[in-house]
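Protein chains in written order, with this note's numbering: chain X, 6 to 644; chain R, 6 to 644.
It should be emphasised that the hints constitute simulated quantities derived from the structure, not laboratory data.
Since the model is a prediction, treat every value here as computed from it, not as a measurement.
Please note that a few of the clues may not be correct.
Since copy identity is lost for identical chains, a pair holds within one copy or between any two.
Derived pair list, reagent style DSSO-like, types lysine-lysine, alpha-carbon separation capped at 27 Å [stated by the list, open to error]:
id : residue 1 : residue 2
1  : LYS540    : LYS639
2  : LYS610    : LYS171
3  : LYS610    : LYS169
4  : LYS611    : LYS171
5  : LYS610    : LYS154
6  : LYS196    : LYS610
7  : LYS479    : LYS640
Chain residues, written in single-letter form:
Number of protein chains: 2
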Amino acid sequence: MKKLRVTFYPGNITTEAEEGKTILSAAISAGIQIHSSCGGEGLCGRCKVMVKSGKVITQSTGAFEFNEKKQGIYLACITTIHSDLEVEVLAQARLDERPQEQALEGKLKKLYSESEEVTPGGADLTENVYLYSPLATKIYLELTRPDLKDAISDLERIYRHIRKVKDLPLVQTSLTNIRQLGELLRDADWKITATLVQRNGALEVVLIEPGDTSGKNFGLCFDIGTTTISGQLVDLNNKNILGTKAIYNKQASFGSDVIARIIHAQESDGLEQLHLAVNQCINHVIEELTKEHKVDLNNLNCIVCAGNTTMIHLLLSIDPTYIRREPYVPTANFLPVIRAAEAGIKINPRGLLFSVPGVSSYVGGDVTAGVLACGLYKEDELSLLIDIGTNGEIVLGNKEFLISASASAGPAFEGSSVSSGMRASRGAIQKVKINPKNLEISCSVIGDVEPVGICGSGYIDLISQMLKTGLLDKGGKLSGKDCARLRSGREGREFVLFPAKDSATGTDVVITEADIENLKRSKAAIYAAATTLVKHMGLELGDIKKIFIAGGFGNYIDIDSAVNIGLLPDIDRSRFIFVGNSSLAGARSMLLSYQAFIKAEEIAKKITYCELSVEPGYMDEYMAALFFPHTDLKKFPTF
Amino acid sequence: MKKLRVTFYPGNITTEAEEGKTILSAAISAGIQIHSSCGGEGLCGRCKVMVKSGKVITQSTGAFEFNEKKQGIYLACITTIHSDLEVEVLAQARLDERPQEQALEGKLKKLYSESEEVTPGGADLTENVYLYSPLATKIYLELTRPDLKDAISDLERIYRHIRKVKDLPLVQTSLTNIRQLGELLRDADWKITATLVQRNGALEVVLIEPGDTSGKNFGLCFDIGTTTISGQLVDLNNKNILGTKAIYNKQASFGSDVIARIIHAQESDGLEQLHLAVNQCINHVIEELTKEHKVDLNNLNCIVCAGNTTMIHLLLSIDPTYIRREPYVPTANFLPVIRAAEAGIKINPRGLLFSVPGVSSYVGGDVTAGVLACGLYKEDELSLLIDIGTNGEIVLGNKEFLISASASAGPAFEGSSVSSGMRASRGAIQKVKINPKNLEISCSVIGDVEPVGICGSGYIDLISQMLKTGLLDKGGKLSGKDCARLRSGREGREFVLFPAKDSATGTDVVITEADIENLKRSKAAIYAAATTLVKHMGLELGDIKKIFIAGGFGNYIDIDSAVNIGLLPDIDRSRFIFVGNSSLAGARSMLLSYQAFIKAEEIAKKITYCELSVEPGYMDEYMAALFFPHTDLKKFPTF
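Please work from the sequences and hints to get the whole structure.
This is how it looks when you write it as structure tokens:
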């Protein structure tokens, strides 16, 4: 095959590609992250590029306008390369934040890095709830020296000393720790630190180091979302959270939802590409956190990962094919504890990776972790957990029962697949007010800097405010009002929050009708899932005493706005509790408490699963929810 | 460094070597096995080669005669290369049996292969003793298909079915088995075979295969000796021993005893070389056994290895340095169960390797296995186990106590380091009678073929008969009798059993005074160890009701001869029980019975160890035993 050169802008990155390959595949091999929500099917229209020079062949698709082709704009996923090319990746298609960051240089000094420090939002869920017994502990031992009267082996000598302080069975340590043990003990003059990790009711000596390193014992917890990956660095000696970072999941280049990813995994190298993408993200977050907090990777011996079932399959390189085929069976919900290195995760080479157990193909360990963090499983009263992510998961129950469902909501509330969307991080518009008289806008921006984009809570406020001020109708169409902020853009009608001159990036911050459609579908899917599940149990929304709202919104969500747009049901506001990233909070509880990990296993076994795709009424609920707030206004009496 | 070419004969094998390196190191890198009992110190005089052309530099040593140098004979270990060389490896220095085999071609069709089929000798020790519960079992499962009402994960489905038939906790299976499980199950139409291995009181699913392979379930047990490695292939479904093979340990190129090996391990790459040597031997035996019995390596899921502590350290690449330094502490006596692949052993890649637990630096798992096989630990009466190997190990005890000791005996009784020595295999002289009138010799040769050499039991008979007929005096010198069989050879006086024309190899089968000296030291070390240990406990030989004699003698040892030469004490002959390779028998018991493995762990913990090197009286006992049968004839009243 003929090799051709493709140069991508911004960034001026050149790669080689075979003739006839798609521009998207060339971008992926060049390490350029392009949004491709549909997984390269030519359907979502996200992966737009402008071909500045060279010959391409494209296919026709509805996701693409004829006048765009005249401007040289194509969809990267269905456009093939037939000469050397120069290609501009349009802003909306860029997943990688670096170009934005470059644009900001000089304007705002290091506004944000590729992965973000996140202020964990919501109620503090873990304080004093579980017995403090971190998965990894370090103990310093001054061993007695052997002599002819006490000549037990080196390894048994260590075990003997550990048994004096730890009352748990010791399982065999690995050969790697044994091979050079003789020299290590003698060089260290019999003073060593043993790192012990709890699993399956026993202790494993995962590491033996010379000298006293017991003061340095760190762990990691991760929430591995379809769109966003969040990680936390925790000092296991004192429970302190040293830092939290979030990053977009690089797998987004292969599709925005789990279905697209599973389809991609079936291609040759597809599983390997997806696996590499997620482990690169995790390693990147670990690298940033450890650099910033000056933690040696060798002092990280434990990582707990909560994620939906597909994400965990991909993390561990397990073929996810059968998750999307009826009857929707994952390969495993309870995963073995493995060496983190087996999944390519760079912590101490002997360190262990725990996957939080899941429930079913579409209710994963992230939900188990959320239930653990919110405590639904031990309440007398009925509670509901709504986790708003790319998959929206719902759990209903109390100490007697737990039932779950899952809805494909899309990544809009995570700031992905919406034109000015971003994560809840520095520069994100998180609160919006619109003055009904003059339609002036006032915003709260995270970090009090010039706005970069809009995060989930910002979108919720914005739509609510636009509805209240008549800028938006209940069907999701922008009004014909004479307002300078309303205009026709490349993708149809749009509303401008900040013109380019007032934004941090030098580009307009807008919301388009297409964005609003995306957000409407997301909220409808989540609302319909919650109401269907409640109905399935023969209950009514009014029976529910607490509703936990979880998701990566940062530290803020306006419940009134969320009800107003029909994302949340219209019940007594005091029943809502915003808990932020409950999956990450639950994973942290497990990292800090082996008892919490055991509890999570019980929870995963206890939760039953309701498959909405075969549930009578779900589709009707969804269709009815495709309005703001709902077609049936009796359900939203406040409005 | 200048690269020079060295060509070795027989075999015409050429290798490159750096100028100044020893001929021994060149031979090792060419894969030529040369005896080097002293580990390359120039002391033992075993590694003789004849330099046919080229320039060498050698050192002076007592182990080497001046007139040999005139013939161009040098010690390979202390002679360095200074030009291209042609080198003949003398017969006595060859460890590899292939040259001999080549010599035999045409004379006897395939007399023996590199590794030998061995008829296991001695009492059958394992019949019905331990509950039949092999370490690896296979179960065929016809799984119910998942549907929307029964959508548990693939892995949990398998576990659920296993739990119906196995009442043991299941430990997590490895990720490798999980990764492609979804496809495997569906391709196999939910009919699979699970291979389960017992360890630490739980079952591990080590393998999941499509279809019904439960009929093919094989295992291996090995005795890994300093000089000889013996392996057995066992059908785990019916306890049948399919075959047994033995091979010389290729590590002999690095020294004949464990001390020389440990010293070699401290050199750069030394540990790796020793590790490779033993795993090549094991793999070779496995290959021969599986080829011969048409067993697929994938159906081998379990291997049990018994060996002395140094051999097990080297097998697992554990630094053995501290075994030989006071206070003689091994890195580990209880080794983790590992994937056989971690030690480079080629069975099923998921198969497990169990090391039989040892007692101390010089009493290893081979002794534990021997005690298990002989049943000392459960007897009311006092018994003694004497295991005659390169290290002679002694265990004394009953159900109340067990005490052990170890003596460095050397490899003479295994047919190594003696000029016509060989293992107890086809072609070995195993019984000898000398007519006192005419000094005519009659022999029994294993396989009833022309003799190749002499094995341990043959040497015991031979010395005993030579003593009785006055051919040998009590000090170990050959008599001056006028006998055609007595002559002066290259290494001093020697006695010819078969001239070249009557032997299978076309070379003389002889015993030299040097051989006799080696054998005398071996028997003295073993006898002294046994008597010292009995004394240490305040007992006398007469108190012992059973003496188990173990060792790789094949299926025969003449107790009278062994007493006559002073190897065994002179007590009532009915108390002696010849048990052959008890280490291999014990390892086989463990392979076939998890309960036996647990029992072995108890035994290893129970056995105490008496360090003879610091035991008062041991040296005197040894010196006194350096006569045939002993300096103190009162101890041998029969003679």
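Now for the hints, and whether the structure bears them out:
1. LYS540 / LYS639: For LYS540 and LYS639, only the intra-copy Cα distance (17 Å) is at most 27 Å; the inter-copy one is 100 Å.
2. LYS610 / LYS171: For LYS610 and LYS171, only the inter-copy Cα distance (21 Å) is at most 27 Å; the intra-copy one is 29 Å.
3. LYS610 / LYS169: between (35 Å within a copy, 19 Å between copies)
4. LYS611 / LYS171: between (31 Å within a copy, 24 Å between copies)
5. LYS610 / LYS154: between (51 Å within a copy, 15 Å between copies)
6. LYS196 / LYS610: between (43 Å within a copy, 26 Å between copies)
7. LYS479 / LYS640: within (15 Å within a copy, 112 Å between copies)
The structure meets every hint from the earlier list without exception.
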